[in-house]
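**Student:** Here the protein sequences line up with chains A and B, keeping their order.
First residue of the first sequence? That's 0 in numbering that gives the first Met the number 0, and the numbers climb one at a time after it.
First residue of the second sequence? That's 0 in numbering that gives the first Met the number 0, and the numbers climb one at a time after it.
Each hint should be verified, as a subset may be incorrect.
[To be verified] Over 12 Å on every C-beta distance to chain A, these chain B residues come out as not near it, computed from the model: (1) G14; (2) D122; (3) G130; (4) A140; (5) G176; (6) L186; (7) A210.
[Stated by the list, open to error] DEER-style ranges, computed between Cβ atoms: (8) B/S84 <-> A/V217: 53 to 59 Å; (9) A/G67 <-> B/P95: 26 to 32 Å; (10) A/V211 <-> B/G97: 50 to 56 Å; (11) A/Q219 <-> B/T160: 37 to 43 Å; (12) B/S84 <-> A/S16: 45 to 51 Å; (13) B/M98 <-> A/P53: 50 to 56 Å; (14) B/A104 <-> A/V71: 50 to 56 Å; (15) B/G115 <-> A/P69: 57 to 63 Å; (16) B/A70 <-> A/L212: 51 to 57 Å; (17) B/G38 <-> A/I72: 55 to 61 Å.
In case anyone wonders, no lab produced these hints; they're calculated from the structure.
Here a beta-carbon is modelled for each residue, glycine too, at the ideal position from N, C-alpha and C.
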Amino acid sequence: MLATFAEAFALLTQLESRLLDIVLLSLRVSGCAVAIGAVIGLPVGAWVAVARFPGRGAVTVVLNAMMGLPSVIVGVIVYLALSRSGPAGSLGLLFTPTAMVIAQTVLTAPLMAALARQIVEDAWRDYETEFRALRLTRLQRVTTLLYDCRYSLVVAVLAGLGRAMSEVGAVMIVGGNIDGFTRVMTTAIALETSKGDLPLAIALGLVLLLLVLLLNAVAQTLRGWAMRRYG
Amino acid sequence: MLPISVRDVRFMPAGRRVLAGIDLELGGEGITVVLGPNGAGKSVLLRVLAGLLAPDAGTIQWGDHAAPAEAAAIVFQQPALIRASVRANVELALLPLGMARAERAVRVRQVLERVGLAHRARDAARLLSGGEKQRLALARAWAARRPLLLLDEPTANLDPTATEAVEQIVREIRTDGARVVMTSHNLAQAMRVADDIVFLSAGRVVEHAPAARFFRKPQSQEARLFLQGELPWRISFDS
Numbered sequence: 000m001l002a003t004f005a006e007a008f009a010l011l012t013q014l015e016s017r018l019l020d021i022v023l024l025s026l027r028v029s030g031c032a033v034a035i036g037a038v039i040g041l042p043v044g045a046w047v048a049v050a051r052f053p054g055r056g057a058v059t060v061v062l063n064a065m066m067g068l069p070s071v072i073v074g075v076i077v078y079l080a081l082s083r084s085g086p087a088g089s090l091g092l093l094f095t096p097t098a099m100v101i102a103q104t105v106l107t108a109p110l111m112a113a114l115a116r117q118i119v120e121d122a123w124r125d126y127e128t129e130f131r132a133l134r135l136t137r138l139q140r141v142t143t144l145l146y147d148c149r150y151s152l153v154v155a156v157l158a159g160l161g162r163a164m165s166e167v168g169a170v171m172i173v174g175g176n177i178d179g180f181t182r183v184m185t186t187a188i189a190l191e192t193s194k195g196d197l198p199l200a201i202a203l204g205l206v207l208l209l210l211v212l213l214l215n216a217v218a219q220t221l222r223g224w225a226m227r228r229y230g
Numbered sequence: 000m001l002p003i004s005v006r007d008v009r010f011m012p013a014g015r016r017v018l019a020g021i022d023l024e025l026g027g028e029g030i031t032v033v034l035g036p037n038g039a040g041k042s043v044l045l046r047v048l049a050g051l052l053a054p055d056a057g058t059i060q061w062g063d064h065a066a067p068a069e070a071a072a073i074v075f076q077q078p079a080l081i082r083a084s085v086r087a088n089v090e091l092a093l094l095p096l097g098m099a100r101a102e103r104a105v106r107v108r109q110v111l112e113r114v115g116l117a118h119r120a121r122d123a124a125r126l127l128s129g130g131e132k133q134r135l136a137l138a139r140a141w142a143a144r145r146p147l148l149l150l151d152e153p154t155a156n157l158d159p160t161a162t163e164a165v166e167q168i169v170r171e172i173r174t175d176g177a178r179v180v181m182t183s184h185n186l187a188q189a190m191r192v193a194d195d196i197v198f199l200s201a202g203r204v205v206e207h208a209p210a211a212r213f214f215r216k217p218q219s220q221e222a223r224l225f226l227q228g229e230l231p232w233r234i235s236f237d238s
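Can you build the whole structure from these sequences, using the hints too?
**Tutor:** So, in structure tokens, the structure goes:
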């Protein structure tokens, strides 16, 4: 056991290229997916928080339910969409990092939308009368609220990033876990563990944990700074 | 600006009479202070005038036209300021006007200079003192240059110095040609700033008179008792 951990640390300290490639691809795929998911999810969540329309309650329920969307289901749906006989089959994206980005975007956008809706709705209660008095249009209300809540929304983005980086089902299905091409940290950990190559799996696991810790520390620092700077 | 005519305005949420038929004529310029005991309907009247609450009955007209709600700006006792700079908070009021960015910047600078906050333009709005926050809220309302400015107890939580600064700004806004309607519990303040007084009681206008005459010789029994510090609820309780 100790020898396995020692080997894992050795892999980390030597920055072994295989490990580095996997980590960088994971960051690239999850980073892109979360960026796209945030661009879609945050405004959608803010709009649902501010808008009043028939069926808003149902939309909120669906958004909240999608926070727990199983990643394998998303993987299968994206797989079907991108497979040769699927509607986007001609694009030839299956088993590419792009397909993994699409799957993770589908996973993270609803999560960030649901969290943004809750955060923005809480703020909206404080601002509603003032914004109505200022005659802001709905679009201006949404953009202003997103700006006002920007430091709280970091939590929503972090949750999205956490989901993207930790999920294995969807990227495994649409990426295929091809060595050197679509192999990311989670799929590599799953594979190496099943093969019995525990040092690499542990090294990747440690990197994953460190990244999550680092991101949370940055977010916490940012929020603390924002509270002192903007009240 | 045309005179504002408020005709038999009623507001009765869940059957409770908050405004029980308000009739009011407000001229083109000047400062009107709305006085009255707690629960008289002062703040609700301001929200109705601002178009934030729809009356259950009655009309509000400017001349022969329905009063456009977007012609009024309102400042609340506790202004909601966004987590941004002082400048950005003022700019917020100009967004619906569709002004160009450069034009907005000029307007923001002008109005901040007039309320004495130009030197704090880049500072965080939420970290201002209570008096500065209220001056910022006034600047925000003033920036859009709406002809009707409604102030809901703008100095309720301020010290005398901050109160004086706010009153000075209100006078300047009046000088600029806007009609100011403000609620207050502070009789001394009403004496200092008001051109005319509207006295509300139980959701009705009991008296509307020039300020000097109202304070010298109130016409109604309720207003007399109010000025003597004996609130109407106390009279009815005693009787």
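**Student:** Now tell me, hint by hint, if it's right for this structure.
**Tutor:** Hints, verified against the model:
1. For B/G14, the non-interface assignment is confirmed: its Cβ lies about 23 Å from the closest Cβ of chain A, beyond the 12 Å cut-off.
2. At roughly 10 Å, the least C-beta separation between B/D122 and chain A is not larger than 12 Å, which violates its mark as non-interface.
3. At roughly 16 Å, the least C-beta separation between B/G130 and chain A is larger than 12 Å, which holds for a residue marked as non-interface.
4. Non-interface status of B/A140 relative to chain A is broken: a Cβ of that chain comes within 12 Å, the nearest being about 8 Å off.
5. Residue-level check passed: B/G176 sits 20 Å from the nearest beta carbon of chain A, beyond 12 Å.
6. Every C-beta of chain A lies more than 12 Å from that of B/L186, the closest at about 27 Å, which supports listing it as non-interface.
7. Its beta-carbon lying about 27 Å from the closest one in chain A, B/A210 satisfies the requirement of being farther than 12 Å from that chain.
8. A hinted range of 53 to 59 Å is violated for the C-beta pair B/S84 and A/V217, which are about 24 Å apart.
9. In this structure the supplied range 26 to 32 Å is violated for A/G67 paired with B/P95, their Cβ-Cβ distance being about 39 Å.
10. For A/V211 and B/G97, the hinted distance range of 50 to 56 Å is not satisfied, since their beta carbons lie about 45 Å from each other.
11. The given range of 37 to 43 Å is respected by A/Q219 and B/T160, whose C-beta atoms sit roughly 39 Å from each other.
12. Our hint of 45 to 51 Å for B/S84 and A/S16 holds, since their Cβ atoms are close to 47 Å apart.
13. In this structure the supplied range 50 to 56 Å is violated for B/M98 paired with A/P53, their Cβ-Cβ distance being about 35 Å.
14. Separation of B/A104 from A/V71 is about 53 Å and conforms to the stated range, judged on CB atoms against 50 to 56 Å.
15. The hint said 57 to 63 Å for the Cβ distance between B/G115 and A/P69, and at roughly 59 Å that hint holds.
16. About 55 Å separates the C-beta atoms of B/A70 and A/L212, a value consistent with the hinted range of 51 to 57 Å.
17. Judged by the Cβ atoms, the range 55 to 61 Å given for B/G38 and A/I72 holds: they are separated by roughly 56 Å.
Hint compliance for this structure: hints 2, 4, 8, 9, 10, 13 are not met, and every other hint is.
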